[in-house]
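Peer 1: Sequence:
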Amino acid sequence: MSRNRVVQLTALATAVVVLVWIALSIWSGASRLSVGAVDWKYVSAVFACMLVLVIVYGLAWWLLMCRLERRRLAAWPAVRLFALSWAGRYFPAGIPHYAGRLLAGPSAGMSRTAVAASLAYENLLVLAVGAAGAALCLSVASVAGGAPTPWILAGLVIAALSFGATLPWPLRWLIDVAEPRVPKLASLRGHILALGSITWLSAAYALGFVLNGGAYYFALLAVGESPPPLVAFAAYNIAGVIGMLAIGVPSGLGVREAVVAALMGAVMPVPLALSAAVLVRVAGIAADLVPAAVAGASFAVRRPPVVDTARPTMREAA
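Every letter in the sequence shown is one number past the one before it in this note's numbering, and letter 128, counting from 1, is 128.
Accuracy of the hints is not assured; some may be wrong.
Just the calculated beta-carbon pair ranges, DEER-fashion [stated by the list, open to error]: (1) 75 to 229: 29 to 35 Å; (2) 286 to 75: 22 to 28 Å; (3) 294 to 103: 20 to 26 Å; (4) 286 to 207: 17 to 23 Å; (5) 294 to 196: 39 to 45 Å.
Quick caveat, the hints were computed from the structure, so don't treat them as lab data. Owing to the predicted nature of the structure, the values given are computational and were not obtained by experimental measurement. For glycine and all other residues, C-beta sits at the position ideal for the given N, C-alpha and C.
Based on the sequences and whatever the hints tell you, model everything.
Peer 2: In structure tokens, the structure reads:
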């Protein structure tokens, strides 16, 4: 086994240990429920949602990279790179999650400038879709039962700012302003997406919104609560947006759980809302390990060497 593969597998094993330790710490420190009080059929649904979420985000990043590179890239290397870097969210500022793709992108046939642009687009689209989806859910819920108007307005403002930042005109203006101080930004001009591409990519990330909200709603069912589904979807995604904005906190750890518990406290007991959020976090960490393990194992599989069976020409034989 080569030195590079040893390093990659060691990094993966370290990430597994870190994630398991975080999961156990979260569950033992914050959960208010005993294991026996949880409905495990809904727990399996939570795990399934979080597992599919990683795959969906990996495919969405691949589609984003194809748009930025303006050519079709191989899907597996891109998704594998995303899966390996995904656990890096649990480090401060998610540095391994971003730096890993930035450094390893060329090995998957990607330019570093396109990868750098993708990291900005990825975060803006997740923020925009999460905030817009939450505002929409709360608006519909308010018709039926009175969702809090301030959160609807906050979601619309965050969505407008995030979507606006992905449009071609603000990005070109920002590059023009910053280029004199940071000349390297000029290379990003070739990686500005058209409005049509932004629309299609938003639809891909919207599936992530549904999976996140669905995971939390199933977690609420697992702990014996059944609040309005749209409110649960909105609250968890709003909490996710706030967790992303807490840049210094790894993966919004603790921030998301505290915010969603506070929001859901208007319709259900806060301890149960917190327990459901902790359940989603633990299931999410467990689900993160599966794609990472598959991606890491693929590096250990050796391809058979290519043997050149072509016959030598008369001149080569002489």
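Peer 1: When the hints from earlier in the document are held up against this structure, which numbers fail?
Peer 2: 5
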